[in-house]
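*Asks:* From first to last, the protein sequence lines stand for chains H and Z. Residue numbers are given in our numbering: position 144 of the first sequence equals residue 144, and the series is strictly consecutive. Residue numbers are given in our numbering: position 131 of the second sequence equals residue 131, and the series is strictly consecutive.
Worth flagging that the hints you see were computed from the coordinates, not collected in a lab. If a hint is listed, it holds; no wrong ones were tucked in.
Under 7 angstroms between C-beta atoms, here's a sample of chain H residues computed to sit facing chain Z:
1. W18
2. S30
3. L59
4. M64
5. P66
6. M77
In this text, all values refer to a predicted model and were calculated from it rather than measured experimentally. Just so you know, even glycine gets a beta-carbon here, dropped at the ideal spot from N, CA and C.
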Amino acid sequence: MNPLRGIAVFLAAAFIQWWWSTHFSFGGLSPQVLLVLTVVLAARLGQNLGMCYGFFWGLFLDAMHPQLFGADALVLMLAGYGVGILRRQIDLADILPLSMVVFLATWLYFLAQGLVSLAFARTFLWIGWRPWVADPFYNCLFVPAAAVCWEWTRAQR
Amino acid sequence: MREIRISNYILAVFSALALFLLSLPLAAPVRALKACVIYLCDPMVYYGAQGVGRLADVPTGLARLMSADMENQRLRAELQNALWRGSELEALRAENQRLSQALGLKVPGRREALWADTIERDPLHWYNSVIVNAGARQGVALNAPVLGVQGDALVVVGRITEVRRDAAVVLLATDEASSIAAVLSTAAVEGLVQGDGGPTLRMNYLPPETELRLGDRVFTSPTSATFPPGIFIGRAISINPRDPFLTFQSVEVEPALGAAMLHRVMILRPEARSSIEEVR
Chain H
1 MNPLRGIAVF
11 LAAAFIQWWW
21 STHFSFGGLS
31 PQVLLVLTVV
41 LAARLGQNLG
51 MCYGFFWGLF
61 LDAMHPQLFG
71 ADALVLMLAG
81 YGVGILRRQI
91 DLADILPLSM
101 VVFLATWLYF
111 LAQGLVSLAF
121 ARTFLWIGWR
131 PWVADPFYNC
141 LFVPAAAVCW
151 EWTRAQR
Chain Z
1 MREIRISNYI
11 LAVFSALALF
21 LLSLPLAAPV
31 RALKACVIYL
41 CDPMVYYGAQ
51 GVGRLADVPT
61 GLARLMSADM
71 ENQRLRAELQ
81 NALWRGSELE
91 ALRAENQRLS
101 QALGLKVPGR
111 REALWADTIE
121 RDPLHWYNSV
131 IVNAGARQGV
141 ALNAPVLGVQ
151 GDALVVVGRI
161 TEVRRDAAVV
171 LLATDEASSI
181 AAVLSTAAVE
191 GLVQGDGGPT
201 LRMNYLPPET
211 ELRLGDRVFT
221 SPTSATFPPG
231 IFIGRAISIN
241 PRDPFLTFQS
251 VEVEPALGAA
261 MLHRVMILRP
271 EARSSIEEVR
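Construct the complete structure from the given sequences, taking the supplied hints into account.
*Replies:* The structure is reproduced here in structure tokens:
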């Protein structure tokens, strides 16, 4: 990926995450845009790029909160790695399998955040039942949009 | 094969870096990296919030412009009254200060209000923290009290835990790490209001003999190190059953300002020396 295009994708995604969670959270819920994009990038471009994006997007999320610095970076980077491995086993080109991966990745993301918090802050970070139940679906709704954007970006090249 | 080897290297390097960041949050390199990340990310959030605010204001701007003149006339009249009240208040404050000094009481430092807008909040940390668009450049200090407005009254929101150049992180009263010395209005007893990461607060350490009533109002205590006294925190909504192994009672408190209402907050900052001298 062209470095300038890479930086633009990074900044645009971070901006969308901030914008959506701050101004468009619905009933206290908003999609984990950066998690979805990490999964989509790892599925489309391979785990190396997915891990790099996941790590730096995670740092962005960590900088927004006073809690553990590095937790989101670790978890999103691992998400990129995991999807990269999964990509070799199953075909993630279609939206349906990709959505299912995002669905499961959301739960694993919440669980991993809790475990990292338990390990480094001695408290399990529980996000609440409502995001736990609803956010995987919400994230899945974002997958087609991310995939369409991806295809459009590829067509522009 | 080569790609797998590279990905393993990336995994090892990033994992080690993340674990280092998590293990040593107070180490100088970690703080430097965090400051660097914040320096790079903050302008996007800060100017993004300004842009969104301006766009959102466009439709209402015209209507506001039309009513502004009428409101301006009314406010001018109110300002005349406020000026008189202000000078009266200033005289009372000076007298209070003089009498406090004569009695040997500690005179609290004067503070001035700074209004700020919420520019970042995440549903996953809904009851923990928000970021506001005022920082070191605007004179925000660490641990400065943050208040909100509910109706005509000022209410407690939280305190500043991180100051950036043009933004600051507010730890909400509902966060687990937050605690505020408070007083219960009807029983006039002191306790400690603590957050639990959810929508309600808990007021602990109330004397066991105190008669507690639902709907009791909770205010900040004069002994609070952070907040001015008499600021409304919330109302008691349930009394926890007495635990025979504890020497105190506790009540659940509903915060005066719900987490969803934190659009605009007031930060109290120490008054600039020059302006104090100017008033004197």
